[in-house]
Each structure stands twice: as structure tokens, then as C-alpha cells.
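S.K.: Chain by chain, the residues:
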Amino acid sequence: RKEVEQDPGPFNVPEGATVAFNCTYSNSASQSFFWYRQDCRKEPKLLMSVYSSGNEDGRFTAQLNRASQYISLLIRDSKLSDSATYLCVVNAGGGFKTIFGAGTRLFVKA
Amino acid sequence: SQTIHQWPATLVQPVGSPLSLECTVEGTSNPNLYWYRQAAGRGLQLLFYSVGIGQISSEVPQNLSASRPQDRQFILSSKKLLLSDSGFYLCAWSATRGFGTEAFFGQGTRLTVV
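Going down the list, the protein sequences come from chains B and X.
By the working numbering, the letter at position 101 of the first sequence is numbered 103, and the numbering carries on one by one without gaps.
By the working numbering, the letter at position 77 of the second sequence is numbered 78, and the numbering carries on one by one without gaps.
Think of the hints as simulated: they come from the structure by calculation, not from any bench.
Just so it is clear, CB atoms sit at the ideal spot from N, CA and C, and this is done for glycine as well.
A portion of the hints provided could be inaccurate.
Calculated cross-link-like contacts (lysine to any residue; reagent style SDA-like; alpha-carbon spacing at most 25 Å) [unchecked claim]: (1) B:Lys81 to B:Lys4; (2) B:Lys111 to B:Arg68; (3) B:Lys99 to X:Val61; (4) B:Lys4 to X:Ser87; (5) B:Lys47 to X:Ala10; (6) B:Lys99 to X:Ile57; (7) B:Lys47 to X:Lys81; (8) B:Lys44 to X:Gln108.
Here chain B is said to cover these stretches of chain X; the calculated rule only asks that three of the stretch's residues, wherever they fall, bring their Cβ under 8 Å from a Cβ of chain B [stated by the list, open to error]: (9) 12-23; (10) 64-76; (11) 82-88.
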């Protein structure tokens, strides 16, 4: 089993749609969770951290379910500029390595 | 503030030639350091990570190696490149302690082996 698994994608959605990505992780000792965004041919950049209580940043909402070991990202009112690859990221804290999911590609079309 | 530098940005190398990619971090101490590779249209593959000077963990057996001669310097090397080594190589760092230990990436090196 992969340490971090994501929806395979790609997701093709029209502008204005709501889209959700899910991610599962295998290490129950994981402490930090993030969603990154990667544009084509660019390095990944932090989109948002994921907190136990859930958090929202504008059109983006992240949720964490520790019992089931999954993380979700919800994008509301999709924009063309949201087209990118979204990476789920997990870190067990301390000196442990940061693990990236393979990413889910999102295409938002007019 | 912390910054990460990675070079070169692009590289074209013949099969069988050596490789050396360098990454340096400024503004922090004792970071965790990572090398990732991303093949075209694929996800990030963790190649090496390091929690301290001289401490290297390899994730994928291959003809690549990594070294950390200084606290904030991470080098990716190969003695003889293969065609399959082509890809987008990314160096990253994260803090070693505390929560919120997100990783920060360099701008990457796009390697083409011909």
C-alpha cells in the first residue's frame, strides 16, 4: 500500500462547479497535512495546511479525518485558473520524511 | 526569511555522462532536505532525504546518489546517466521540529538525457 494515495483523476469540470479531492494515508503517526498545488512545469507550492478542526480559505475547504486517515480538499465555484495538479502531503513530524501523493490533475473549462 | 536555491534550471546530458545537481538552503539550520523526481505527466517520486549532515536515506534503488557535505547543502549525483533518468528534479527542505512542517521547493532542474 502506498503511504499516500490520491484520486487518480483527471477531473474535468466546468467553471463554477464544485469539485472534491480525497487522499488517504497509511501512517497513523502522521501529524502534519497539507495540500499543494503544482502548475505545469513548475515546482509545487503550498496551497493550504489541513487542521484537525477543518479549515477554509476562500473557495477552498480542507478536512482531516484522523480515524479514517483521510484528507479532503473541496473547491467551490471553480475558476479557469484553478486548473493544476493538486498534491496531498503528509508528514509524521520531527525528523520524519514528507510524503507527497502522486497528485490529481484538475482541468476547469469555460 | 528562508530561501532555497537549486541549479541549473535546465540540463541536457548524453547517456553515460556524470551528473551533479546542487541545492542550498539559506535562513534556517538543520533542515530536512529532499530530492524528488517527476517524470513527464507523473507525480513526485521521493529519491533521497536527509535529516542531518552525512545522513542520507535512499527511497528508490537506482544509479543516483546523494550527499550532504554541509548542513544546508544537498547534492544529487550520478556516475553514468541513463535515458530513464530524464525528468524534473526538485530539491526541497522542511523544518525538523514542530507542526506545520510544510516543505518548500526549489525551482527545479529539468534534465534531459539524450
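S.K.: Does the alpha-carbon distance linking Lys44 (chain B) and Gln108 (chain X) stay inside the 25 Å limit?
M.R.: 7 Å, holds
S.K.: Is the listed coverage of the segment 12-23 of chain X by chain B valid when you require three or more residues with a beta carbon under 8 Å from a beta carbon of that chain?
M.R.: violated (count 0)
S.K.: Holds or violated: Lys4 (chain B) with Ser87 (chain X), Cα cutoff 25 Å?
M.R.: Roughly 24 Å between the alpha carbons, so the hint for Lys4 (chain B) and Ser87 (chain X) holds.
S.K.: Holds or violated: Lys47 (chain B) with Ala10 (chain X), Cα cutoff 25 Å?
M.R.: 17 Å, holds
S.K.: Checking C-beta pairs, does the segment 64-76 of chain X have three or more residues closer than 8 Å to chain B?
M.R.: As far as the segment 64-76 of chain X goes, the hint is violated, because 0 residues have Cβ atoms under 8 Å from chain B.
S.K.: Please work out if Lys111 (chain B) and Arg68 (chain B) have their alpha carbons no farther apart than 25 Å.
M.R.: Roughly 34 Å between the alpha carbons, so the hint for Lys111 (chain B) and Arg68 (chain B) is violated.
S.K.: Can you confirm whether the C-alpha distance between Lys99 (chain B) and Ile57 (chain X) stays at or below 25 Å?
M.R.: The hint holds at about 11 Å.
S.K.: Would you check the hint for Lys99 (chain B) and Val61 (chain X), treating anything up to 25 Å between C-alpha atoms as holding?
M.R.: 14 Å, holds
S.K.: Against the 25 Å threshold, does the CA-CA distance of Lys47 (chain B) and Lys81 (chain X) hold or violate the hint?
M.R.: Since the Cα atoms of Lys47 (chain B) and Lys81 (chain X) sit roughly 31 Å apart, the hinted pair is violated (cutoff 25 Å).
S.K.: Are there at least three residues in the segment 82-88 of chain X whose beta carbon sits under 8 Å from a beta carbon of chain B?
M.R.: violated (count 0)
S.K.: Is the hinted pair Lys81 (chain B) and Lys4 (chain B) satisfied, with a Cα-Cα distance of at most 25 Å?
M.R.: Violated, at roughly 31 Å.
The structure shown violates the earlier hints numbered 1, 2, 7, 9, 10 and 11.
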